[in-house]
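Undergrad: Letter by letter, the chains look like this.
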Amino acid sequence: MTLLMSVRDITKYYGRYIGCAEVSFDLYPGEVMGVVGESGSGKSTLLNCLAGHLPPDRGEVLFDSRVDGPKDTLKMSEPERRMLGRTDWAFVHQNARDGLRMNVSAGGNVGERLMAVGARNYGDIRRQATQWLGRVEISETRIDDRPTTFSGGMQQRLQIARNLVTGPRLVFMDEPTGGLDVSVQARLLDLLRGLVRDMGLSAIIVTHDLAVVRLLADRLMVMKDGHVVEAGLTDQVLDDPQHAYTQLLVSSVLQV
Amino acid sequence: MEWGNSMTEYNFAYLDEQTKRMIRRAILKGLAIPGYQVPFASREMPMPYGWGTGGVQVSAAVLTPEDTLKVIDQGADDTTNAVSIRKFFERTAGVATTTATAEASVIQTRHRIPEEPLVEDQILVYQVPIPEPLRFLEPRETETRKMHSLEEYGPMHVKLYEDISRHGHIATAYAYPVQVEGRYMMDPSPIPKFDNPKMEMPAIQLFGAGREQRIYALPPYTKVVSLDFEDHPFDPSKAPHPCRLCGAEGAYLDEVITDDEGGRMFVCSDTDFCERRRAAGHEGAQA
Chain W
0 MTLLMSVRDI
10 TKYYGRYIGC
20 AEVSFDLYPG
30 EVMGVVGESG
40 SGKSTLLNCL
50 AGHLPPDRGE
60 VLFDSRVDGP
70 KDTLKMSEPE
80 RRMLGRTDWA
90 FVHQNARDGL
100 RMNVSAGGNV
110 GERLMAVGAR
120 NYGDIRRQAT
130 QWLGRVEISE
140 TRIDDRPTTF
150 SGGMQQRLQI
160 ARNLVTGPRL
170 VFMDEPTGGL
180 DVSVQARLLD
190 LLRGLVRDMG
200 LSAIIVTHDL
210 AVVRLLADRL
220 MVMKDGHVVE
230 AGLTDQVLDD
240 PQHAYTQLLV
250 SSVLQV
Chain L
0 MEWGNSMTEY
10 NFAYLDEQTK
20 RMIRRAILKG
30 LAIPGYQVPF
40 ASREMPMPYG
50 WGTGGVQVSA
60 AVLTPEDTLK
70 VIDQGADDTT
80 NAVSIRKFFE
90 RTAGVATTTA
100 TAEASVIQTR
110 HRIPEEPLVE
120 DQILVYQVPI
130 PEPLRFLEPR
140 ETETRKMHSL
150 EEYGPMHVKL
160 YEDISRHGHI
170 ATAYAYPVQV
180 EGRYMMDPSP
190 IPKFDNPKME
200 MPAIQLFGAG
210 REQRIYALPP
220 YTKVVSLDFE
230 DHPFDPSKAP
240 HPCRLCGAEG
250 AYLDEVITDD
260 EGGRMFVCSD
270 TDFCERRRAA
280 GHEGAQA
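Chains as they are written, first to last, in numbering that gives the first Met the number 0: chain W, 0 to 255; chain L, 0 to 286.
Only chain W is shown next, with the shape it has when bound in the complex (with noise of 0.2 Å):
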């Protein structure tokens, strides 16, 4: 099976101090890997730089594209980068703010990926607008309705929508359930995963929840202080945490 994505030695200093230091991991098609780690540890960087937001300082991000096979993104040009993050790539932030435009319709919002690859058929992008609201479980009487009139976690089921609108084949996603209440969470970790495996997408998803990893990811990296100090199938490392800092980090989830 060939990789979709082959990650060496990605390493990011901000001054002096590590953001992630010495990164290596593949990624196979339809896997899911989860990254997790206490807050300062480089998740975000990690994930900012292989997302092509963030220069790193060191490394090489091979992704096989569909034109032309593995190809190092880092090197690429920008508007090569740029494409690719309107069409094989999708980025999900923490906060739904920061990835939809508030004061353009739910539709529009779900509509600008395709405008962005060249749709120019109002009927046509009005179609599949409706019908990815429908999957992330907005009313499709919702659709002319501004962002800012939505709950949190309908913002964040349509920054989903927006997202996935264009058939991406690897998604970045960045705390993808914080800030929102466990059953909102719950909901949306049972819809990710049902659109994770309807879609064979590959997602990154970089969290501090390890119940988020749990049921979503395939393998599991954790990091602290910018390194990686064990990577494993997620069943694996959660139940048998090898490295001193995993068993902390396992030992320290609330049981209710």
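I should point out that these hints are in silico values taken from the structure, not numbers from a laboratory.
Incorrect hints may have been included.
[Claimed, not checked] DEER-style ranges, computed between Cβ atoms:
{"id": "1", "chain 1": "W", "residue 1": "His207", "chain 2": "L", "residue 2": "Met46", "range": "56 to 62 Å"}
{"id": "2", "chain 1": "W", "residue 1": "Ser150", "chain 2": "L", "residue 2": "Arg144", "range": "34 to 40 Å"}
{"id": "3", "chain 1": "W", "residue 1": "Asp180", "chain 2": "L", "residue 2": "Met46", "range": "53 to 59 Å"}
[Said to hold, decoys possible] Derived SDA-like pairs (lysine to any residue); straight-line CA-CA distance at most 25 Å:
{"id": "4", "chain 1": "L", "residue 1": "Lys145", "chain 2": "W", "residue 2": "Glu79"}
{"id": "5", "chain 1": "L", "residue 1": "Lys158", "chain 2": "L", "residue 2": "Ala238"}
{"id": "6", "chain 1": "L", "residue 1": "Lys237", "chain 2": "L", "residue 2": "Asp76"}
{"id": "7", "chain 1": "W", "residue 1": "Lys74", "chain 2": "L", "residue 2": "Thr143"}
{"id": "8", "chain 1": "W", "residue 1": "Lys223", "chain 2": "W", "residue 2": "Asn94"}
{"id": "9", "chain 1": "L", "residue 1": "Lys197", "chain 2": "L", "residue 2": "Thr171"}
{"id": "10", "chain 1": "L", "residue 1": "Lys145", "chain 2": "W", "residue 2": "Arg80"}
{"id": "11", "chain 1": "L", "residue 1": "Lys28", "chain 2": "L", "residue 2": "Glu142"}
{"id": "12", "chain 1": "L", "residue 1": "Lys158", "chain 2": "W", "residue 2": "Met101"}
{"id": "13", "chain 1": "L", "residue 1": "Lys145", "chain 2": "W", "residue 2": "His52"}
{"id": "14", "chain 1": "W", "residue 1": "Lys74", "chain 2": "L", "residue 2": "Thr141"}
{"id": "15", "chain 1": "L", "residue 1": "Lys145", "chain 2": "L", "residue 2": "Asp227"}
{"id": "16", "chain 1": "W", "residue 1": "Lys70", "chain 2": "L", "residue 2": "Lys145"}
{"id": "17", "chain 1": "L", "residue 1": "Lys145", "chain 2": "W", "residue 2": "Thr86"}
{"id": "18", "chain 1": "L", "residue 1": "Lys158", "chain 2": "W", "residue 2": "Pro78"}
{"id": "19", "chain 1": "W", "residue 1": "Lys74", "chain 2": "W", "residue 2": "Ala50"}
{"id": "20", "chain 1": "L", "residue 1": "Lys145", "chain 2": "W", "residue 2": "Met82"}
{"id": "21", "chain 1": "W", "residue 1": "Lys74", "chain 2": "L", "residue 2": "His147"}
[As the list claims (entries may be wrong)] Stretch by stretch, here's where chain W covers chain L in the computed footprint (C-beta under 8 Å, at least three residues):
{"id": "22", "region": "159-173"}
{"id": "23", "region": "228-242"}
Heads up, the beta-carbon is just placed ideally off N, CA and C, and yes, glycines get one too.
Could you slot chain L onto chain W? The hints should help.
TA: For chain L alone, kept in the frame of chain W given last:
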């Protein structure tokens, strides 16, 4: 000596020669890259921003003593803005002025293109409030410049999408976005969309935004395409009436309220065009 009539008080056309050179360089660059917004060091002019400081600076840079100037505001030659800018150049440049479109070599305009087709050797100068067509989508200048350089114009259609979803048709009626020569997205200034098809013309078109410090341009016969959807094509609409004064069918009309009992009439917004037609014997319903 009467104030303002002597060339000893002002340099020709108010601005000093170095400033005019700087503006001309920006204009030439703009003509070389149609639709591209060229930054320029906009000067303080003796009028408030929003009154045409950009257009005035561009006009000052292209005027020669032999030129004949026409200034219009919403199609009219006799409104405050048009009158004061015309007087400004009469005083500071001493150029001949006219209200006749055909006799003018430089026409400064706010919000209209004259009805009478322009010809080669004429220059049309637009006053532009917000030159950046992507501004409503993206408030960051760094990002809009990047979008222009990478030709990322898909989101532009979001604005039109929003129009259709809210009103059932593309409700943007002025400052209707256009794409120039298949490349740059351009704001045609707040002209009615009725005027958009006229932008493919033999005259040179220059756009000046004083507060925003941008100049852009269209050389003669440049291809200008108004954005639309396949199933909602561009429609350069106007009020479905003939002019009440001159009977013109194909001219852009202003709605004029005549009393407080709902009385109103539609008349040509281009006053010069309307007067000429009436002088030639054309009559509307109320002549």
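Undergrad: Decide, hint by hint, whether the structure agrees.
TA: Hints, verified against the model:
1. His207(W) with Met46(L): 56 to 62 Å: 58 Å, holds
2. Ser150(W) with Arg144(L): 34 to 40 Å: 36 Å, holds
3. Asp180(W) with Met46(L): 53 to 59 Å: Since the Cβ atoms of Asp180(W) and Met46(L) sit about 57 Å apart, the hinted range of 53 to 59 Å holds.
4. Lys145(L) with Glu79(W): Measuring from Cα to Cα gives roughly 13 Å; hence the hint holds.
5. Lys158(L) with Ala238(L): 23 Å, holds
6. Lys237(L) with Asp76(L): The given pair, whose Cα atoms are some 21 Å apart, holds under the 25 Å limit.
7. Lys74(W) with Thr143(L): 23 Å, holds
8. Lys223(W) with Asn94(W): It holds: about 23 Å lies between the C-alpha atoms, which stays within 25 Å.
9. Lys197(L) with Thr171(L): 17 Å, holds
10. Lys145(L) with Arg80(W): 13 Å, holds
11. Lys28(L) with Glu142(L): The given pair, whose Cα atoms are some 22 Å apart, holds under the 25 Å limit.
12. Lys158(L) with Met101(W): 13 Å, holds
13. Lys145(L) with His52(W): It holds: about 14 Å lies between the C-alpha atoms, which stays within 25 Å.
14. Lys74(W) with Thr141(L): 22 Å, holds
15. Lys145(L) with Asp227(L): Within the cut-off at roughly 23 Å; holds.
16. Lys70(W) with Lys145(L): Satisfied, since the Cα-Cα distance of roughly 23 Å is no more than 25 Å.
17. Lys145(L) with Thr86(W): 18 Å, holds
18. Lys158(L) with Pro78(W): 23 Å, holds
19. Lys74(W) with Ala50(W): The hint holds at about 13 Å.
20. Lys145(L) with Met82(W): 13 Å, holds
21. Lys74(W) with His147(L): 22 Å, holds
22. 159-173: holds (count 5)
23. 228-242: Result for this restraint: holds, n = 4.
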